[in-house]
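Trainee: Go ahead and model the full structure; you've got the sequences and the hints to work with.
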Amino acid sequence: MKVSEIVARCEELYSDLHLSYVKEWKRRNKRKAIGYMPIYVPRQIIHAAGMLPVGIMGAGDTLEIIRGDAYYQSYICHIPRSTIELGLTGRLDCLDGLLFPAICDVIRNLSGMWQLMFADKYVKYMDFPQNFNESIGGEFYARELEQLREDLVKMGNKPVGVDELNESIIRYNANAKAIKDLYALRSDAPHRVPTYELYLLMRASNILEVSEHTSLVEEYLSAVGKEDRQELDNIRVIVTGVFCEQPPLGLIRALEHSGCYIVDDDWVLGARFIDRDIEVGDDPIRALATGYIKHGVATSSRYIDQEEKGRHLLDRVEELSAEGVIFASPSFCDPALLERPMLQAALSKSNIPYTSFKFGENSGQYQVIKEQTGTFSDSIKLWGTA
Amino acid sequence: MECYIGVDLGSTTTKAIYIDENEKVLGRGITNSRSNYELACEIAADEAAINSRFHMLRRKLAENKQAGKQTSELMDWLTCKFKLAQHFRQVDALEKVCKTIVDEWDDKNLRRAYKAALDSIFDTMRSEAEPMFQPRVTARSDFFRDIASSHYLDSAELLARNGDISFDRLTGIFDKAILLVEAESFATAYDDYLDFASAETIKVDGYKVLRDDIRRATEYAATIEFNAINTIGTGYGRQTLPFPKHQIRSEILCHGLGAHIMFPATRTVLDIGGQDTKAIQVDGKGIVTNFQMNDRCAAGCGRYLGYIADEMSMGVHELGPLAMTASKTIRINSTCTVFAGAELRERLALGEKREDILSGLHRAIVIRSMSLLARSGGVRNEFTFTGGVAKNEAATDALKMLIVENYGEMTINVSPDSIYTGALGAALFAKRDQKGDLVNVDLKKLRKRVS
Amino acid sequence: MTRDATVQKEQSMVLQKDMIAAHFKRLANAKETGKKVVYTFVPGNLNELIWAFDMLPVHPEINALQSAMRKKSSSYVIEAEKFGHSEDVCTYVKCDIGMLKKGNIGPTGEKLPEPDLLLLSYTGCFTFMKWFELLKQEYDCPVAMLHVPYQADGEKTPEMIEYVSKQLREEVVPLMEKVSGNKLDKGRLRMLMESSARAEENLVAVWESAKNKPSPIDAYFGGVYYIGPIFSAFRGLDVAEEYYRTLREEVDARVEHKLGPITPDGPMKDERYRLVVEGPPNWTSFREFWKMFYDEGAVVVSSSYTKVGGIYDNGFRHDPDRPFQSMAEYCTGCYTNLNLPTRIQYLQQAIDDYHADGFLINSIKSCNSFSAGQLLILRELEKRTGKAGGFIESDLVDPRYFSAANIKNRLESYFQMIDAKRNG
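Protein chains in written order, with the numbering used here: chain A, 1 to 386; chain B, 1001 to 1451; chain C, 2001 to 2424.
Be a bit skeptical, because a hint or two may be false.
[Said to hold, decoys possible] Straight-line C-alpha distance at most 16 Å; calculated EDC-like pairs for lysine to aspartate or glutamate:
#: 1; chain 1: C; residue 1: 2421; chain 2: C; residue 2: 2382
#: 2; chain 1: A; residue 1: 177; chain 2: A; residue 2: 219
#: 3; chain 1: A; residue 1: 309; chain 2: C; residue 2: 2140
#: 4; chain 1: A; residue 1: 358; chain 2: C; residue 2: 2081
#: 5; chain 1: B; residue 1: 1069; chain 2: B; residue 2: 1213
#: 6; chain 1: C; residue 1: 2166; chain 2: A; residue 2: 219
#: 7; chain 1: A; residue 1: 309; chain 2: C; residue 2: 2419
#: 8; chain 1: C; residue 1: 2387; chain 2: B; residue 2: 1200
#: 9; chain 1: B; residue 1: 1285; chain 2: C; residue 2: 2419
#: 10; chain 1: B; residue 1: 1096; chain 2: B; residue 2: 1130
#: 11; chain 1: C; residue 1: 2102; chain 2: C; residue 2: 2088
#: 12; chain 1: C; residue 1: 2136; chain 2: A; residue 2: 307
What the hints contain is simulated information worked out from the structure, not anything from laboratory work.
Mentor: Given below as structure tokens:
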């Protein structure tokens, strides 16, 4: 496939709020599909149960919110509205269950709303531990995972043993590797991997069966090597401040067109939430728990105990030779917005320039943001500082 | 005759309604709320009283053998001439105040020049009045301030163009004077106006033979005594009324009952006013069973349209008609008033047509009220749409479409008198809910008492 | 008789005032007396454990609400926004950060001591975690994280209790021993917990008194005073026990004489509306807000906010025989740690048990933990009880989000709707 074909395929998946791929997959495989909210869930278990994990990240800027708004006050972020809109308009009917990870109060409460509003569906709140001691938090989490495994065994009428789990872990490790390569190529040569394309590929990981996604990423990597793309005089930036509600595509384009090469981001973070391979062995549930406890990435919904605040971001800036940081957070996102001043302080201390703005998944205008990040880019180019 | 009065003190307009003991509407009155709620209340009630007199006048005329056949035409003439008389009285008052202002200046030459200018302005104003108050002529506005200001400023501009007269100075005089004139009610001299109306109407071709019928009817209308048994106030400014508590009702309840009276099968009411939007559910008797109002955000109420109009340098009443000419509806995501301007400019910069964007903006507002409706318990048959925005055809069309899409086919009522819904409900409460010691609220004395 | 009741009422208020004053005095002198200071949150707090180590607790939420009642919160919130905090986020946090930046002067005008330990008992609210991460940037002291799992399926499972008590035994207590320099005094912990249970018993009796008509208490506006000692620094102490004994006696006397609650304008006369309220109150205009209720004869007979620290009316008492499990159950059981279906059941039960005419939601801009989902709660409760539901919006400590005219308008309409429903 050519790059343009791969991108077109991803665009189609991205904009298909009716989840045709999922319906088709279910029909072909005669199996169930389990949805999950951001950031992260252990998709390996769902996969091992022979089910399709489907990441739901709101509805972007294309769906008119009519019913979803009836459930939320104006000071609450946008993603739960669009998720309810998707649910009430039947767009999520093809999902046999929905998992709600413990990331914030809004998504937490949405799990209970889902229990009431979609009583015939499987709903599970994934309570991630904020205690990162393996024998305490690790044990608690392993029990959560075991519970999920048991529930899915019941739902799927299919045993999920060590072999099935290990097989899925191997596939997801391979997927993580392909994604890592993709990110590495973008930070090495950002002009060759526009973020618009990378982002769409990442969004495809929410929908596609894992091995299909891995192949797609690999194909993209080989195809993009053959394209001749011109390098521009852009600055290298890291975009951070999101773990759940995603920026609209237009916003990502606007950032790129304002003179910024995005060399790292925290979008679709669930697909690279654990930064090394999950071990294959006798106790795959425990291995998944350990992966989460020991090797999870830093994000604002996770309690960071030992490390100094902002360390992770500072390290990324250095590793990737980023010249600045853009904080792009969803409006009304308490964890991300409360985290922001701490990260900003860490950057200031190290003289790393940054700029910040808020968005909603349905933001309709980018001109102001483009102006802002364009100025940011220019000032770094001219004076090396913002 | 015995009557009951409902007064709705809105943020932009104040409405009053008189009903009789059979709960039939006698008359309606409306005025702009100004900064003085008490005065607005008094004027609206005066207007409603006049409107009631006209209601009785029509009945009286209809009783006559000959005149009865031409009641409608006669009423048109009588109404126009009545308004003309009232208008002349207001013009006189305005002229007087303007000249008093000039009289206080020190410079004699200046005084002379500006008095002459004022003479010319007011002569023109009077000569322009007659053609405006004719049957089948649509008034540009019902409010004296609007009519007077456009005439005055037009003349002032002409004068300033060819002389030593300053336009700004003339505008300054007007701005000061109109405030004082607005602080007066011109309804009290209704008997003089009726006399004038009757005399002028008789002069019209073919009506001379009806002279006696006309005179009898107008004299009757001038002498009716309205005895207000109970008055109830509602609306945004109701707390400022010096009414006892049991003579004040929340606008939610009044809107619910008012909508029920206008359309008895109403179960869901949506009212989009200037300051807020209300979704109300009522039972078969018009009793409110549930309601929701918009939160502190102005998105989705009339004021949002005001911002948009300002942003486009248009009058708020021009938005709907322009939106109706759209060939497509642009998706607008921000109903946030703060962002709407930015989104609007961005869409314009992208080359989108104004009417298409406006069509999208109307839809965006209506979508906000859809969620309010959903919060209050959904939309049930029949659905009644009221409030200032109900006059806007683009909004009404968008609403109808969304109601049908989301709740199926049903009867959707939009009344041209919907602006009076709250006042009507209040009047009904005045009739039905007479408890405690009724205080006969003398609306005329309100102002004095407050000042 | 009325006078007697008023005098007794004053007695419990005096007790409360005195214990608060004494505590802030202790805090002001902490450095001289060598007492260690623990900052911790109200919901599901570990007050008995803190006092068993003879440490002094400070509750930042209470500082924030006190700042609001003293009209200081606005400037604190703006101060925090100057330091880069978004206008979108929780104003409790911003008020606390702002207060810190302006010298950390507590409600009695004395400077609060810096913490020796941040005890992050993370219950029912994600923002707590960010809050103490922010405080950690300001203070050089250790943080004890106690992660309390959510009752996602409406129950406290043995696994949850084990997870919490294990954290307590293996991490929190050892850290507290290290910071305080003392071993945990188990005998003292037992005594404190015994005292807590007795106070809890009396508080439940006070809540249940509202089943009487007229209700002798307002379980929301008055209720926030009643929860003061038990949810803050005093549960387990003799002063708290005495307070609840006295309060119960006062309330019993009011029941006997068929008296309504005492308001800032004196005893309430006619009880016209009995309400259940969901959500925290507004603190910046607390008196004005309350007045909108008692002026209309509206009394709150039960509220969820007064269960935010912990729920006792379902039978929970601190149990000295199983100290860690008991603390774990307490933490896990506070109101905002319940899932939505359970919250709805809880409110529904209150509407029935307390013979309410309707229920009202005060939706708080700052508090997603409470607010996200309240519109569904509204809808479900209306459907299940057939009672009138009201919905108003305000904020905890940011006066910019309290519009008196707007709230009064809605309340007035709401009360008249109850009337119309009754008469219709």
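Trainee: The structure should be examined with respect to each hint, and the outcome stated for every one.
Mentor: Hints, one by one, checked against the model:
{"no.": "1", "hint": "C:2421 - C:2382", "in the structure": "holds (14 Å)"}
{"no.": "2", "hint": "A:177 - A:219", "in the structure": "holds (14 Å)"}
{"no.": "3", "hint": "A:309 - C:2140", "in the structure": "holds (13 Å)"}
{"no.": "4", "hint": "A:358 - C:2081", "in the structure": "holds (15 Å)"}
{"no.": "5", "hint": "B:1069 - B:1213", "in the structure": "holds (12 Å)"}
{"no.": "6", "hint": "C:2166 - A:219", "in the structure": "violated (48 Å)"}
{"no.": "7", "hint": "A:309 - C:2419", "in the structure": "violated (56 Å)"}
{"no.": "8", "hint": "C:2387 - B:1200", "in the structure": "violated (61 Å)"}
{"no.": "9", "hint": "B:1285 - C:2419", "in the structure": "holds (14 Å)"}
{"no.": "10", "hint": "B:1096 - B:1130", "in the structure": "violated (20 Å)"}
{"no.": "11", "hint": "C:2102 - C:2088", "in the structure": "violated (22 Å)"}
{"no.": "12", "hint": "C:2136 - A:307", "in the structure": "holds (12 Å)"}
The structure is inconsistent with the numbered hints 6, 7, 8, 10 and 11, although it conforms to all the rest.
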